[in-house]
Amino acid sequence: MDVGDRAALVTGASRGLGEQIARKLAARGARVALVARHEDELARVVDAIRSAGGVAHGIVADVGEKRAPHAIAAAAAALVGDVDLLVHNASTLGHVPLRPLLETDCEALEEALEINVVGPLRLTKLLAGPMVLRGRGLVVHVTSDASVAAYPGWGAYGASKAALDHMGRILGAELEGTGVRVVSVDPGEMRTRMHADAIPDADPATLLDPAVVADRILRLVGNVEELATGARVEASAYAAGSS
Amino acid sequence: MKPATWPRDTPLSERLLRVDPTGGRWTHHVVGDLPDLLRPGDLVIANDAATIPASLFGSTTVGERLEVRLATTSDESTWQAVLFGEGDWHTRTEDRAAPPPVVPGDTLQLGDGLDATIVAVDARSPRLVTLRFSLEGAALWTALHRYGRPVQYAYVRDWLATWHVQTAFASRPWAVEMPSAGRPITASLLASLRRSGVAIARLTHAAGLSSTGDPAIDHVLPFPERYEIPRETASALARARAEGKRIVAVGTTVVRALEGCASEHAGEVVPGRGTTDLHIGEGFVPRVVDGLLTGLHEEGTSHRGLLHAFASEPLLAGAWADAEARGYLAHEFGDHALVLRAA
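Protein chains in written order, with our numbering: chain A, 1 to 243; chain B, 1 to 343.
In isolation and in its complexed conformation, chain B is listed as follows (with noise of 0.2 Å):
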């Protein structure tokens, strides 16, 4: 399937695969048909987290050229982050030269003013740091978004700015690559689904790095990843279960969230924070999600892999390859499928 190579600006008119594990049918859509295509009483729960400009680019101290992104935060000045070398989103991560080795007490230059310090390297790859920037609170906000930017993706054609990758309804910045499912839902959308009778609610989650092309790292991705569900969202989610209702995750973040939350707590979604590295994939019996809006990603992919928790790999190949015929587009900046039982 050939990925979307940008943004598009008319979500509603993106398209929408509808694939229903139950009948093992699918049936084609766009996304301004997703109020007839659920039902009232479903409960709908999207990720809010917004994406960080989480790609740095800077040196060292003796000017060797490196790439940072930012992976995970214990107190967001300290950060987990993958080191790259020269260049950029125009070489495959997998092709990427190795970044300069660093040791702790290094100083990375990464903006005027924005220095990072290396605090430990990790035993895993040489290329997984800890770090601790110089600024703290707004100016590091500020100043993040002054010199990063999103993580960026081989397929598109430019550099994506912040405001490429934010979902409408994105809130803390948790994310450090968007969480893309929620991209197609507008304000407007929002409000009318919420009109057709479905029940909206949120999380956050802080989505991660998908793929650093480095094996020792990708081996071990997902890293734990930090997730918070409001209390008005777990009472939420109690009703509708409690009534049968279908759940309806916007993403794999939102998956991850929710069925990390309930693994840890006998099947139950409890308000509050939590961490979560489970990884979802074939033979993973969702208990608290009945399905999801989500991309098109390839075989192969943790994404994809995901799936199969909700539908069987015959089905999503058949779906995928008569939509992929219809021209539908891949990726982050793609089409769509929900896949999601009719009963």
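Isolated chain A (complex conformation) (with noise of 0.2 Å):
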């Protein structure tokens, strides 16, 4: 997908990976709809993009929130256009500091899930609705190496990003042929606040910079027509130099 002149909306987009795929986005001459809880630090890139010459608007909501999709639909085709692509990036680790499975509060998934799951499906039925009318469109799922591997205390995170993998494949089966595609990306581990906070004595020389993960998933918005529709990718796939 060629983003030039394109309607995008990010979510999780006033730091860390999201931050950076907003500003990339706005830089190729996407219109950016960015959506985070926190209105300032969410203004401080909105205004940065604008001064770099970018388009930006920034949507003061909760993904998690059960009524927050319809006004970041409306909010963001209102100010950006037609959302070609979604960006679901927003997500929650659960307990912080985390914890094993049998002490993490049940309602703490539950949160994971909201956040991570259900929020994103209900903002993906408003605007992938509208893309198959359109005949195109792409909707990103940000993933976990958590997804797939047994990392002990990463349960609630984990399985919700299991289930946002999983949800990803069925929406890409069910969408075949409709010409919205839908991809699940890995982005490897990232010197981010989540990070920070998941794994707070990790050695940040090991980590990625998350301007660099987002000039991958660029690559990968770009070149998507080559994956199976409800593939799941590791972002390293597209580091620079790598075919």
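Since the hints were made in silico from the structure, they are not lab data. All values reported here derive from a predicted model rather than from experimental measurement. Even for Gly, the Cβ is constructed at its ideal location relative to N, Cα and C. Not one of these hints is a red herring.
Which chain A residues face chain B? A few, computed with CB under 10 Å, are given here: (1) 57; (2) 58; (3) 60; (4) 61; (5) 67; (6) 70; (7) 72; (8) 74; (9) 77; (10) 81; (11) 83; (12) 127; (13) 128; (14) 133; (15) 134; (16) 177.
Hints in hand, dock the two standalone chains.
Below, the structure is given as structure tokens:
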């Protein structure tokens, strides 16, 4: 997908990977709606994009809140136009510090599912329908290797990301032939606040810069037609210089 | 015909009355039969406008209660709006109390942080005003979704929320009442229509208020409504028309946008934005549209009047009476009709 002159929506866009994806989409000519909970942080990113000549609008909302997606979809379409690229980047770890499942409050699991799985589906339902009418569009799920590997302590998050992955596969199968694609991408371990919350003593030198990962994801978006619909891929496959 | 009093959630099994104006016949189906009722090459055009929660309840600065219904906009912070007095949809609009009088400069409180200032009062009715919101951009859209509700209907059994009125393919929030003909069309139905060779295209039309209960305002409805026709839709139309394929509008709003555009461009549908206040009824000869998918609306309504451009009243009356006897349901959440020539 060529993102130039397209409208895109990125959740969790006020920092980390979401911020970098939004900035890079705007730099390539996309009109970007950025969604995040915190107004000040969001305004900082929106202002930076605009200062660089990009088109960006911030929508203050919590994707885990049941009524939020309707306002998000309406505001985005009103401000940036028909959304052709939806990036589900916002997510929550559940308990911080992480806890084993037997010590996880079930409410924390429910919250993780609400923000990481149900909220994205609510938004996809609103934005992928018009994509089907237009016969084009892309939904990107940002996932994690915790959806595949069994890391102790990552139960709520890992289970929610595994659900997201599988939802992506099924959506992909259901949208086969409509021109609307779904892809899940594992970004790898990044220097983000979320990673610091999960593993405070990680050596930063071993972690990826989210800006580098965002470049990889944009490369993936640019070549998404090569992938089977519903595919789950690793962003590292799109590292600069890799084929 | 009895109205459907609540949205149903199995749209493909809602009933579909197929009316053939050339043969003077009608037959009974369900929405899921649409791929069989249309032919490969037919071009179906839907209105992708999302419905704004255009009804806001609030008060004047001295505490008088009122309802504001947004009607048309020029820049998304400034709206033409209709005011209603105390009460809600449980009372028919024509029986609603008059709103408190307002003058330019008055402020209406419509939600926490959401105010509107009266900019002008229309000479045609003291209830028809221009107002400017205190918010703009994303903050205005989020506030409208927090405090607003979709325009309600007196025959519906409970408050409707935004999700009850959006079509499956609603995108930009332009409509102040739902473009309801598109309601039964799911993403799966769109896909199966395409698989059977039916072409699908879209436009955006700002469906306006259907009635206000104020004769002075209803007399001039519909207000000029904005629309946008994408380039790819104009091309698909030109192709289909050149090949003699049928053009099927999903709803009266699509008919108004296409015929309104054609009436201003010597019969051609050109891409881009426009506004139309075209009244379509008996005697109107459609230049673009061959037929439409529509809800079932009663004689005397503007919806029904528009159908006269496609089928004679005796045929419609006969088909409607038969549908009513068979238990079809009317209005925004009711059953459906496909009025389309067979050949």
